[in-house]
Every structure is written in C-alpha cells, then in structure tokens.
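Participant: Using the sequences and the hints, build the whole thing.
Those protein sequence lines, which keep their order, are chains B and R.
Taking this note's numbering, the leading residue of the first sequence gets 1, the next gets one more, and so forth.
Taking this note's numbering, the leading residue of the second sequence gets 1, the next gets one more, and so forth.
If you're looking for bench data, these hints aren't it; they were derived computationally from the structure.
Keep in mind that this is a model prediction, so the values were computed, not measured.
Treat the hints with care, as some may be off.
Unchecked claim - Which chain B residues stay away from chain R? Per the calculated CB distances, all over 12 angstroms, these: (1) Pro8; (2) Ser26; (3) Asn27; (4) Gln38; (5) Gly54; (6) Asp66; (7) Lys70; (8) Ser73; (9) Gln80; (10) Pro81.
Stated by the list, open to error - Keeping only pairs whose Cα atoms sit at most 30 angstroms apart, straight-line, the calculated DSSO-like set for lysine-lysine is: (11) Lys107/B with Lys70/B; (12) Lys107/B with Lys67/B; (13) Lys70/B with Lys11/R; (14) Lys67/B with Lys56/B; (15) Lys2/B with Lys57/R; (16) Lys11/R with Lys67/B; (17) Lys57/R with Lys17/R; (18) Lys107/B with Lys11/R; (19) Lys15/R with Lys57/R; (20) Lys56/B with Lys42/B; (21) Lys42/B with Lys107/B; (22) Lys11/R with Lys42/B; (23) Lys70/B with Lys15/R; (24) Lys42/B with Lys15/R; (25) Lys67/B with Lys2/B; (26) Lys42/B with Lys17/R; (27) Lys97/B with Lys11/R.
By construction, the Cβ of each residue, glycine as well, lies at the ideal position given by its N, Cα and C atoms.
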Amino acid sequence: QKEVEQDPGPLSVPEGAIVSLNCTYSNSAFQYFMWYRQYSRKGPELLMYTYSSGNKEDGRFTAQVDKSSKYISLFIRDSQPSDSATYLCAVVPATYKYIFGTGTRLKVLA
Amino acid sequence: GAGVSQSPSNKVTEKGKDVELRCDPISGHTALYWYRQSLGQGLEFLIYFQGNSAPDKSGLPSDRFSAERTGGSVSTLTIQRTQQEDSAVYLCASSLAREQYFGPGTRLTVT
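Facilitator: Printed below as a string of structure tokens:
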C-alpha cells in the first residue's frame, strides 16, 4: 500500500464549479499536510498547509484534514480556467521528509 | 524576493555522459532538497541538506548520483554515466521551517 494515494484524474469541471480534490494516507504519524499546485512545465507552488484536523481557508481555497479517517481534501470555490493545473498533496511526519501523492490533473472549462 | 532558481532549465545528453544540475536556494534557507519527477509519477525524494551536510541521502537511486552543497547555499546534483531511465524533471526545494519552496526544475533527457 502506498503511503499517500491520490486519484490522478483528469478531473474536468465547468467554470464556477466547486472542486474537491482528495488524498488518503496510511500512517497516523503524519502531522503536517500540504497542498501544492503545479502548472505544466513549472515547479510546484505551495498553496496551503495544515497541522491539525479541521479546516483552513485561504480565499477560494479550503484545506480539510480528517485524521480519524486519514483523509485530506482541498476545495476550490468558484473555480476558474486559471486553476487548471496538477494538484499535489504531501504528508509530513515529524521530520522534514515530504511524501507526495502522484497529483490530480484538474481542467476548468470556460 | 527571489525564489529558488535552477539551471539549466533543459538538458539533453547522450547516454553515458555526465551531467551537473545546479540549484540556487532562497537566500537564508538552511535546508535544501532534491526531488525527481517522472511522467505520471509523484515527486521522488533524492537527498536532503541541512547547511552543507547531507543527513539523508537515502533517495539517491544509485552510486551514479551524487550531490554537494557549498557555503550553505548553492547545490549541485551530478549524474555520472547517464542512462535513459534517468530522464525526468529534477526539482530542487529549499526551506527555513516546515514549508518547502520549489524551483522550476531541470528537464533532463537522455538520448
């Protein structure tokens, strides 16, 4: 079993839709949960990170962690064509070492 | 301020040649990481530097891969006797605390 599982997509949604991106993880020792956005032929860009269970909001983006289910989500409200990218989740144990999901490709159609 | 920079952005090399990939981290960031990203794969951890020391080299795929960091700043990833399976995007990230900030990557193609 992989330590982090992420549906690769692609996920296509119409402009203005609410997007839900999800990852599951296997090790309850993971403490930090990160979301990165990666445009084609670019490096990953940090969007948000959370430490505990619950929600964290930043503009149109909400990160949600459910440690009891080992499930993390990123919601994008009022999605825009410029949100079209690959979204990577990463889990972090107490140390520095990120473990990344394979990424979900999102396409927002105008 | 300036982000993480990497050079070259693209590198095409012949099988068997050596290549050097460079990373300039964000100024003041003490930690530096190298990752590899292959098509359809997640980011694969290669090596981690804290200052000039590399306490974790566990992700280096073989002894053909090496990396160094000098002056607590610039890092070079060297791949000797390149193979076709080394073709990938090599990403560098730096951090001061928990968050890692990535460079644009070097796309390596081994022909």
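Participant: Each hint: holds or not?
Facilitator: Status of each hint after checking the structure:
1. Pro8: Since the minimum Cβ distance to chain R is about 7 angstroms, proline 8/B lies within 12 angstroms and the statement is violated.
2. Ser26: Serine 26/B is indeed farther than 12 angstroms from all Cβ atoms of chain R, at 14 angstroms.
3. Asn27: At about 15 angstroms from chain R, asparagine 27/B clears the 12 angstroms cut-off, so the statement holds.
4. Gln38: For glutamine 38/B, whose nearest Cβ neighbour in chain R is about 8 angstroms away, the distance does not exceed 12 angstroms, so it is violated.
5. Gly54: holds, 17 angstroms
6. Asp66: Non-interface label on aspartate 66/B holds, nearest chain R Cβ at 20 angstroms vs cutoff 12 angstroms.
7. Lys70: Since the minimum Cβ distance to chain R is about 17 angstroms, lysine 70/B lies beyond 12 angstroms and the statement holds.
8. Ser73: holds, 18 angstroms
9. Gln80: holds, 22 angstroms
10. Pro81: holds, 22 angstroms
11. Lys107/B with Lys70/B: holds, 26 angstroms
12. Lys107/B with Lys67/B: holds, 28 angstroms
13. Lys70/B with Lys11/R: Violated - the C-alpha atoms of lysine 11/R and lysine 70/B are around 39 angstroms apart, more than 30 angstroms.
14. Lys67/B with Lys56/B: holds, 14 angstroms
15. Lys2/B with Lys57/R: Status holds; Cα separation ~21 angstroms.
16. Lys11/R with Lys67/B: violated, 42 angstroms
17. Lys57/R with Lys17/R: With Cα atoms ~23 angstroms apart, lysine 57/R and lysine 17/R stay inside 30 angstroms; holds.
18. Lys107/B with Lys11/R: Within the cut-off at roughly 29 angstroms; holds.
19. Lys15/R with Lys57/R: Within the cut-off at roughly 24 angstroms; holds.
20. Lys56/B with Lys42/B: Answer holds: lysine 56/B to lysine 42/B is near 26 angstroms, not above 30 angstroms.
21. Lys42/B with Lys107/B: The hint holds at about 16 angstroms.
22. Lys11/R with Lys42/B: Holds: lysine 11/R and lysine 42/B sit about 15 angstroms apart, inside 30 angstroms.
23. Lys70/B with Lys15/R: Violated, at about 43 angstroms.
24. Lys42/B with Lys15/R: Status holds; Cα separation ~25 angstroms.
25. Lys67/B with Lys2/B: holds, 17 angstroms
26. Lys42/B with Lys17/R: The given pair, whose Cα atoms are some 26 angstroms apart, holds under the 30 angstroms limit.
27. Lys97/B with Lys11/R: holds, 27 angstroms
This entry does not satisfy hints 1, 4, 13, 16, 23, going by the numbered hints stated previously.
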